[in-house]
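Engineer: Read in order, the letters of the sequence shown are residues 1 to 195 in the numbering used here.
Some hints here could point you the wrong way.
With a straight-line cut-off of 30 Å between C-alpha atoms, the simulated DSSO-like cross-links for lysine-lysine are [claimed, not checked]:
hint: 1; residue 1: Lys75; residue 2: Lys22
hint: 2; residue 1: Lys22; residue 2: Lys105
hint: 3; residue 1: Lys44; residue 2: Lys105
hint: 4; residue 1: Lys44; residue 2: Lys123
hint: 5; residue 1: Lys97; residue 2: Lys13
hint: 6; residue 1: Lys75; residue 2: Lys97
hint: 7; residue 1: Lys44; residue 2: Lys13
hint: 8; residue 1: Lys169; residue 2: Lys22
hint: 9; residue 1: Lys97; residue 2: Lys44
hint: 10; residue 1: Lys169; residue 2: Lys105
hint: 11; residue 1: Lys123; residue 2: Lys169
hint: 12; residue 1: Lys75; residue 2: Lys169
hint: 13; residue 1: Lys75; residue 2: Lys44
hint: 14; residue 1: Lys13; residue 2: Lys123
hint: 15; residue 1: Lys44; residue 2: Lys5
hint: 16; residue 1: Lys169; residue 2: Lys13
hint: 17; residue 1: Lys5; residue 2: Lys169
hint: 18; residue 1: Lys97; residue 2: Lys22
hint: 19; residue 1: Lys105; residue 2: Lys75
hint: 20; residue 1: Lys123; residue 2: Lys97
hint: 21; residue 1: Lys105; residue 2: Lys13
hint: 22; residue 1: Lys123; residue 2: Lys105
hint: 23; residue 1: Lys5; residue 2: Lys123
hint: 24; residue 1: Lys44; residue 2: Lys22
If you're looking for bench data, these hints aren't it; they were derived computationally from the structure.
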Amino acid sequence: MEIIKEFFTELDKNWPLAAAEKVQLRVIGSAALMLGTGYSRGTKDSDILETAAIAGDVRRELLALAGRGSVLAVKYRLYLDIVGHAIPFLPQRPNFKPAGLARLKHFEVVVLDVTDVVVSKLKRFSANDAADIRAMAERGLLQPAALAARFQAAADAFSIDARAEDLPKYVRNLHSVERDFLGVPESDIRLADWL
Numbered sequence: 001m002e003i004i005k006e007f008f009t010e011l012d013k014n015w016p017l018a019a020a021e022k023v024q025l026r027v028i029g030s031a032a033l034m035l036g037t038g039y040s041r042g043t044k045d046s047d048i049l050e051t052a053a054i055a056g057d058v059r060r061e062l063l064a065l066a067g068r069g070s071v072l073a074v075k076y077r078l079y080l081d082i083v084g085h086a087i088p089f090l091p092q093r094p095n096f097k098p099a100g101l102a103r104l105k106h107f108e109v110v111v112l113d114v115t116d117v118v119v120s121k122l123k124r125f126s127a128n129d130a131a132d133i134r135a136m137a138e139r140g141l142l143q144p145a146a147l148a149a150r151f152q153a154a155a156d157a158f159s160i161d162a163r164a165e166d167l168p169k170y171v172r173n174l175h176s177v178e179r180d181f182l183g184v185p186e187s188d189i190r191l192a193d194w195l
């Protein structure tokens, strides 16, 4: 966790662009779990959700200073990856909270809420995703009812476009987490009739 904080602190120290207000960096994925909960595991990237503020010169500078192959990436063995807003499996309005880096001059770093991180990880549900989710469950940071509600909100957001065809797989992944990690009955998730 400390290395991620050092990474963002050094990025802030080296930031060359002046702005009237801080640029908000929305951290998602395992980096959000590390910054938000003290959880620790090896990761190569710190996913940042793309926003209107992360465009043009700001985007170019972020990637030049902290993207793959940058000096910071080599030093910390960690790089920023900017993820398009439509890519993650998230509710329409994801929940973010401060990352505890209030002393930064140029950035406001916020992390995705634990429950929303878990929901987003149900899309891919790789071995690392499952390990992250299990760790959150073992720490008592996952409430089954909240997980089901946030999952339903994400499913509702995805149900209106081509991504909807993958929702039954995500539901199976959720049920696996509920059954195997949380020890609770599977939620009744409502999907569109055509799925």
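Engineer: Decide, hint by hint, whether the structure agrees.
Structural biologist: The hints, checked one at a time:
Of the pairs offered as hints, the one joining Lys75 and Lys22 holds, with about 25 Å between alpha carbons and a cut-off of 30 Å not exceeded. With a CA separation close to 7 Å, the supplied pair Lys22 and Lys105 stays within the 30 Å bound. Restraint check for Lys44 and Lys105: the C-alpha separation of about 25 Å stays at or below 30 Å, so the hint holds. Restraint check for Lys44 and Lys123: the C-alpha separation of about 20 Å stays at or below 30 Å, so the hint holds.
Distance hint between Lys97 and Lys13 is fulfilled; the C-alpha atoms sit about 22 Å from each other, no more than 30 Å. Using a Cα cut-off of 30 Å, the hinted pair Lys75 and Lys97 holds, with the two alpha carbons roughly 27 Å apart. Distance check on the hinted pair: Lys44 and Lys13 sit about 21 Å apart at the alpha-carbon level, within 30 Å; holds. With a C-alpha separation of about 39 Å, the suggested pair Lys169 and Lys22 falls outside the 30 Å cut-off, and the hint is violated.
Note on Lys97 and Lys44: the hinted pairing holds, with a Cα-Cα distance of about 22 Å set against a maximum of 30 Å. Restraint check: the Cα-Cα separation between Lys169 and Lys105 comes to about 42 Å, which exceeds 30 Å; the hinted pair is violated. Proposed proximity of Lys123 and Lys169 is supported: the alpha carbons are some 8 Å apart, at most 30 Å. Between Lys75 and Lys169, the direct Cα distance comes to roughly 38 Å. Violation of the 30 Å bound is thereby established for this hinted pair.
Note on Lys75 and Lys44: the hinted pairing holds, with a Cα-Cα distance of about 12 Å set against a maximum of 30 Å. Using a Cα cut-off of 30 Å, the hinted pair Lys13 and Lys123 is violated, with the two alpha carbons roughly 35 Å apart. Between the alpha carbons of Lys44 and Lys5 the distance comes to roughly 14 Å, so the proposed pair stays at or under 30 Å and holds. Simply put, Lys169 and Lys13 have alpha-carbon atoms about 43 Å apart, too far for the 30 Å limit, and the pair is violated.
The straight-line distance between the Cα atoms of Lys5 and Lys169 is roughly 35 Å, outside the 30 Å bound, and the hint therefore fails. For the proposed pair Lys97 and Lys22, the alpha carbon gap of about 16 Å is at most 30 Å, so the pair holds. Of the pairs offered as hints, the one joining Lys105 and Lys75 holds, with about 21 Å between alpha carbons and a cut-off of 30 Å not exceeded. Our distance criterion of 30 Å between C-alpha atoms is met by Lys123 and Lys97, whose separation comes to about 22 Å.
Of the supplied pair hints, the one linking Lys105 and Lys13 holds, its CA atoms being roughly 8 Å apart against a limit of 30 Å. Under the criterion of a C-alpha separation no larger than 30 Å, the hint pairing Lys123 with Lys105 is inconsistent with the structure, at around 35 Å. With a CA separation close to 27 Å, the supplied pair Lys5 and Lys123 stays within the 30 Å bound. Under the criterion of a C-alpha separation no larger than 30 Å, the hint pairing Lys44 with Lys22 is consistent with the structure, at around 25 Å.
Comparing the model with each numbered hint stated earlier shows that hints 8, 10, 12, 14, 16, 17, 22 do not hold.
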